[in-house]
Amino acid sequence: MEPQELEKDAVVGKLRQWDAQAVAEVLEFRGEITLVLHRKHLRAMAEYLATEPSLRFSFLSDITTVDRFPMEPRFEVNYHLLSFDLTKRLRLKVRLAGDDVVIPSVIAVWPTANWHERENFDLFGIRFEGHPDLSRILLPDDWEGHPLRKDYPTEGHR
Amino acid sequence: MGDAEFIAAAAAATIDTAAGPAQPMVLNMGPQHPSTHGVLRVILELDGETVLKARPVIGYLHTGIEKSCESKTYSQCITLTDRIDYLAPLSNNLCFCLAAEKLIGLEVPKRAQYIRVLLTELTRITSHLVWLGTHAIDLGAMSVFLYCFREREEIMKIYEYVSGQRMMTSYFRIGGLALEPPPDLLDRVRRVVDAMPGHIDEYETLLTENRIWMGRTKGIGILKPEDAIAMGASGPMLRGSGIAYDTRKAFPYCSYEEFDFNIPTQTAGDCYARYQVRVAEMRESLKIIRQAMEKIPSQGPFRAEAPGIIPPSREEMKASIEGLIYHFKIFTEGFAPPPGEVYQVIESPRGELGVFMASDGSAKPYRVKFRTPSFVNLQTLSKLAEGRLIADVVACIGTTDIVLGEVDR
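The listed protein sequences derive, respectively, from chains A and B.
Start counting the first sequence at 1; every next residue gets the next number (our numbering).
Start counting the second sequence at 1; every next residue gets the next number (our numbering).
Extracted from the complex, chain A is given alone in its bound form:
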């Protein structure tokens, strides 16, 4: 799809109406829409998407990170949302620099984010600000490093 066509998407239009600056970029691949935004807009936009009666993205499927090492900004945190009312999925993407991996927590909007954020902290070292219990979830508490980062060695002794 062309960029102008993407702007016509109902969700994108609604978000532009709400805050013209919040969505930095709209991407489309294989029919999936991704909204790129700065982390400073994340909390407010999450709140809006989840509660706005005409959107109601009330279901957070997943939070996952991609490490683009050695590119900068290195991390991409993806939020996969689902709206039962619209039967529509949406991906939010926040890019984070390698030396500043802080992002606001969305637990207040979607309580399910709790474990997802712990997992991203555990495996990528992303720090979710405002998380009540940001501890490792899959690995032991005394584990060193974050294994899903691309610079984590895949062989040899730790």
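There's no promise every hint is true.
As the list claims (entries may be wrong) - With a straight-line Cα cutoff of 27 Å, these simulated BS3-like cross-link-like pairs (lysine-lysine) come out: (1) 93/A to 67/B; (2) 150/A to 88/A; (3) 224/B to 88/A.
What the hints assert, rightly or not - A partial selection of chain B residues facing chain A, derived with a Cβ cut-off under 10 Å: (4) 67; (5) 226; (6) 367.
The hints are simulated quantities; they were obtained by calculation from the structure and are not laboratory data.
For every residue, glycine included, the Cβ atom is placed at its ideal position computed from N, Cα and C.
For this one, chain A is given, so just place chain B on it according to the hints.
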């Protein structure tokens, strides 16, 4: 707060009891406990036999499958997906293959799609049978377990017949199926499908109106619909709370839009409601299987035509130079999808199974994330169990239908 801090905080707390202020008791349930279905550990803070707080601790079965995928070609990853949810291997195969097909932009022949539907619905039945058997045995009904495993065995034989493997099938491949299905597959499936409704009635006579069963599951582990959505619960957990959401209907894949079936729901949101939903789902799956058997053409390609991505047939490989080159290239270096990211969702027996796949244009996935329903559904355990008795914790773990391989990946 790590687990150690949780235990320390529980040990430092005081509670009011009839005999005056006292310390709550901290009890470790698992990771070696028969009713935790594997290696789940739950730290319980107890007042007598009442659960004040429950904290699930996971990761004992973490095998780093997502990291392993990054160093394998797309086709090689399929064998790892079997091992995520080992009770529903074909659902995992399917989700991974669909994600890769979406990334490449590949159309799968109808015949392969219907066979995929047939086998994944059989998978739903086997998975629910294991759930029913183990859930019942956890709550003291031994005989149900024996019946369920008897029928499961018949379906496992079909898996073996079709793919050569009982559990780690890897039968779905990117673009279609691994092998031409055997000619009398449908006869075998029909035998199982014809016998199944009677067997399901049998389980229901043992449980549905059984007073002990009702006493152990009714009103236990209640999940309100708004909590279910907020906690990201999916599958029977969500439908047992009255929300008629099913990925097969909302975002059809594999031609599910051509099938006629209902979404069973219950509004009570307790363990009994989820039991009813799962039993009804088995009957719906049988309906889908019957329709799929009608639709599957006896002849036709079982995988897509895509030179360079789908391996050529054995004959083609031996007879043509292109076939030989493609064969060699696919099995030595794999194939490279265009750069991009996709998120593919299917309705696995446990709920919404998602695969997020990012490609950088090389032959290996740059990142694969499995959004597993068990992991997310397990998060509701604290909500289900708190304020109840220890015996109810067992019912609550059973009713979430977790597979630890899937929780920890």
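*asked:* Just to be careful: measuring from the Cβ of residue 226/B to every Cβ in chain A, is the smallest value less than 10 Å?
replied: holds (9 Å)
*Assess, step by step, whether the Cα of residue 150/A is no farther than 27 Å from the Cα of residue 88/A, and give holds or violated.*
Given pair residue 150/A, residue 88/A is violated - Cα atoms ~32 Å apart, limit 27 Å.
*Could you grab the alpha-carbon distance between residue 224/B and residue 88/A and see if it respects the 27 Å cut-off?*
With Cα atoms ~23 Å apart, residue 224/B and residue 88/A stay inside 27 Å; holds.
*Can residue 367/B be said to touch chain A, with a Cβ gap under 10 Å?*
Residue 367/B check passes; min Cβ-Cβ to chain A is 5 Å, inside 10 Å.
*Are the Cα positions of residue 93/A and residue 67/B separated by 27 Å at most?*
Holds, at roughly 21 Å.
*Per-residue hint verdict: residue 67/B, partner chain A, C-beta under 10 Å*: holds (6 Å)
Violation of the numbered hints given earlier is confined to hint 2; every other hint is satisfied by the structure.
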